[in-house]
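Asker: Residues per chain, in single letters:
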Amino acid sequence: MSATENKKLMEKIYAGSANRDGSLFIQSLADDVTWCVTGQNKWSRTFKGKASVLGDLQGHFQSLLVQRSRTVAHRFIADGDWVVVEARGDNMTKTGVRYDNEYCMVFRLMDGMIVEIREYCDSALVERALGDFPASRIPAAV
Amino acid sequence: MSASENKKLMEEIFAGLANRNGTLLTERMSEDFRWINIGTTKWSGTFDGKAAVQRDLLAPLRARLVERSRTVAHRFIAEGDYVVVEARGDNVTRAGMPYNNEYCFVFRLSGGKIQEVREYSDTALIDAVLGDPKDALAATR
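Those sequence lines, one after another, are chains A and B.
According to this note's numbering, the first sequence is numbered sequentially starting from 7.
According to this note's numbering, the second sequence is numbered sequentially starting from 21.
No wet-lab data here; the hints were simulated from the structure.
Honestly, I wouldn't trust all of these hints.
Coverage of chain B stretches by chain A, computed from C-beta distances (three or more under 8 Å per stretch; other residues unrestricted) [what the hints assert, rightly or not]:
#: 1; stretch: 46-54
#: 2; stretch: 57-67
#: 3; stretch: 76-86
#: 4; stretch: 100-106
Ideal Cβ placement from N, Cα and C applies to all residues, glycine included.
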C-alpha cells in the first residue's frame, strides 16, 4: 500500500481510539507484530507477536484504567511503509490518577497490516501513574 | 523545499551530530525556532526562540556532559514540512553516568530553516540522570 493509504488506515484506527474503540486497531495487527516501548524505564521492552502485545502489554495497561483507553491523535506523518502518529491520552486510572500521556508512535505497515510499533512517551509519567510493569506479565524469552 | 529536500537537510544535520558537531543544526534554526520537550520533567516545556533554546536548554545540557553531545540517527521519515528522526544518544555526564537516551524528534521546516521541534524521549532517564537544568550551569561555574 502507498504512504497515503497507510496514513488513511492509521487515521481510521485513531478515529476509533478517540472513541475508546480499539477494534480496527486489533484487527489491523499482524500476527507477528512487535511493539517496542523505547527507553530504559520500567515498561521498556519489545513485545513480540499479537498475542503478547494484546495479552501482556495492552492487557496490563487496560486493566489499570477505569475505562478502555482514549487516545486522540493530532498529527500523522507518512513516508513509504512508515506512519508516525503524535497523540495525547485522556485517561483515568482505577486509583483516581489522571493519565494523559503524550505519545509519538512510529508504525511500520505492510499490506494493510501493522507489523511494527515503536512507542515514545513521557515515561516518567508512566512510572508515576501506572507503576512498574509487573513481572507476571513479562513474556518469556523466545 | 520538498519533503525529500527537508529529509536530506536533516540527514546532513544528524551526520554532524553523530560527530559531536552541532554547527549546521544551529545554523538552520530560524530566529523564532521553538523547541518543545514533552512530558513532566524539569527539562520539559516550550523554549521559544533560538536564543532561549540555546541559553535555557542546550547550554545546561552541555554543562551536564563531559563532551559535546553525540546523537546518532537511525531513521528519517518525511512528509510535507515535517521530518521525524529516530535517534540514540551516546553520552556521559560529568558525574560519570551514561546518558544514552532514545529520541523521536518531530521537526517542522520552512524555507530550509527549522521552525519547530517536538522532542520525545525516555523522560524517566532524564529525571534520573540529568537532574534540574537550573543546577546544571551553576555546577560548572
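Asker: Each hint should be assessed against the structure and marked as holding or not.
Answerer: Quick rundown of the hints versus the structure:
Coverage of a stretch by a chain is defined here by at least three residues with a beta carbon nearer than 8 Å to that chain's beta carbons; for the stretch 46-54 of chain B and chain A the count is 0, and the condition is violated. Chain A is given as covering the stretch 57-67 of chain B, and this holds because 5 residues of the stretch bring a CB closer than 8 Å to a CB of that chain, at least three being needed. Counting residues of the stretch 76-86 of chain B whose CB lies closer than 8 Å to any CB of chain A gives 0, so the stated coverage by that chain is violated, three being the minimum. Residues of the stretch 100-106 of chain B lying with their CB closer than 8 Å to a CB of chain A number 4, which satisfies the three-residue condition for coverage.
Going down the numbered hints, you'll see the structure goes against 1 and 3, while the others check out.
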